[in-house]
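> Could you build the full structure based on these sequences and the hints that come with them?
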Amino acid sequence: MNQSDFLKMVSPFKDKVFRLAKRLLISREEAEDATQELLFKLWKSKEKISDYNNIEAFAMTMTKNYCYDRLKSKQASNLTLVHTNYKEKETPLDKKVEDQDSVNLVHTLIESLPLQQKIIIQLRDIEQYDFDEICKMVAMKPVAVRVALSRARKTIREALIKKHNYGVS
Amino acid sequence: MELANIEKLVEKYLNAETTLQDEKTLRTYFKEAVVPTHLQEYAYLFSYFANTKDETFAQTIKLESKKSKKSTVKWLSIAATILLLFGIFIGEQAYKRHQAKKQFEQISKGLRLLSLNLKKGEVAVSSLYGYENTVKKIIK
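If you read the sequences in order, they're chains A and B. With the working numbering, the residue at position 111 of the first sequence is 111, and numbering never jumps. With the working numbering, the residue at position 136 of the second sequence is 136, and numbering never jumps.
Since the hints were derived computationally from the structure, they do not count as laboratory data. C-beta: ideal position from N, C-alpha, C; glycine also. Mixed in with the good hints, there may be bad ones.
[Said to hold, decoys possible] Label pairs and their calculated CB-CB ranges:
hint : chain 1 : residue 1 : chain 2 : residue 2 : range
1    : B       : 80        : A       : 154       : 56 to 62 Å
2    : A       : 142       : B       : 75        : 46 to 52 Å
3    : A       : 29        : B       : 93        : 31 to 37 Å
4    : A       : 45        : B       : 17        : 47 to 53 Å
5    : B       : 72        : A       : 73        : 22 to 28 Å
6    : A       : 142       : B       : 4         : 25 to 31 Å
7    : B       : 53        : A       : 101       : 16 to 22 Å
8    : A       : 51        : B       : 91        : 51 to 57 Å
9    : A       : 27        : B       : 60        : 17 to 23 Å
10   : A       : 69        : B       : 74        : 37 to 43 Å
Quick look at the structure:
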């Protein structure tokens, strides 16, 4: 495999890798660095990856793991990781984003989701992968993926409705 | 599509039971139709999803630069180490030579002193022989 073959191979999913990295690492620069690093890693292991029948899924899994590591590492300690306790964050968050428009609000809402739900909503609602692929990427059972996805969607919707009602009254 | 159907789909969507096809239907609906107020939040949601998908990775993919940069640093550090070790070796050799020269000078100075003093003694002793000869002559 030469360079142009490789670039052709990654071009359908490099944006997806980037978007997932950006979703998890929040900052654009971090996401760009991560994408470069990941594509370079893929390139280095190009002999091995020809054995995988689904390189895209493999790349997404790699992205997920790489971003987890980045979030854990000290280097990324300036990025705040929002944990599962969403309820507590709701009120101050609502105030903070009061004057943003509702589409932007969705972004903030997704950002405050637990890491796992964030990944799943990214993979499903933005990248539109089917459930089998998502299960492989995040190494979870189909039921667990559905539960997480449903929870994420409901959380976002409720927060949006709340915001909407505040706006009306 | 009828509103009733959309409401059903939305319900399924919240429970994560929709297929990709269903979700496509929802996306198209919320993009194109006039959305009733009780479903307005979904319009925000789906338009956000669509916006986000437009974002692309605009940088050129670098497959080599980083590696070569890394290896240059590696080779430079190896070269520096070798140079340092070599420098220490040469320095030590020079120091040893210097030390030996200093020792040699000290020893030769000492020996010179010794031989000078020995010569003085010899001159003194030889003058004694002269006295002895005179004494012998007188006694005879």
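> Against this structure, judge whether each hint is valid.
Hint by hint, here is what the structure shows:
1. For the pair residue 80 of chain B and residue 154 of chain A, the supplied restraint of 56 to 62 Å holds, since their beta-carbon distance comes to about 60 Å.
2. For residue 142 of chain A and residue 75 of chain B, the Cβ-Cβ distance of about 51 Å falls inside the hinted range of 46 to 52 Å, so the restraint holds.
3. The hinted window of 31 to 37 Å between residue 29 of chain A and residue 93 of chain B is violated, with their beta carbons roughly 52 Å apart.
4. Taken as a hint, the range 47 to 53 Å is violated for the pair residue 45 of chain A and residue 17 of chain B, whose Cβ atoms sit roughly 37 Å apart.
5. Taking 22 to 28 Å as the suggested C-beta distance range, the pair residue 72 of chain B and residue 73 of chain A conforms, at roughly 25 Å.
6. In this structure the supplied range 25 to 31 Å holds for residue 142 of chain A paired with residue 4 of chain B, their Cβ-Cβ distance being about 29 Å.
7. Range check, residue 53 of chain B to residue 101 of chain A: about 19 Å between beta-carbon atoms, so the 16 to 22 Å window is met.
8. With their beta carbons about 55 Å apart, residue 51 of chain A and residue 91 of chain B fall inside the hinted range of 51 to 57 Å.
9. Range check, residue 27 of chain A to residue 60 of chain B: Cβ separation about 20 Å, and the 17 to 23 Å hint holds.
10. Take residue 69 of chain A and residue 74 of chain B: their Cβ atoms lie about 23 Å apart, and the range 37 to 43 Å is violated.
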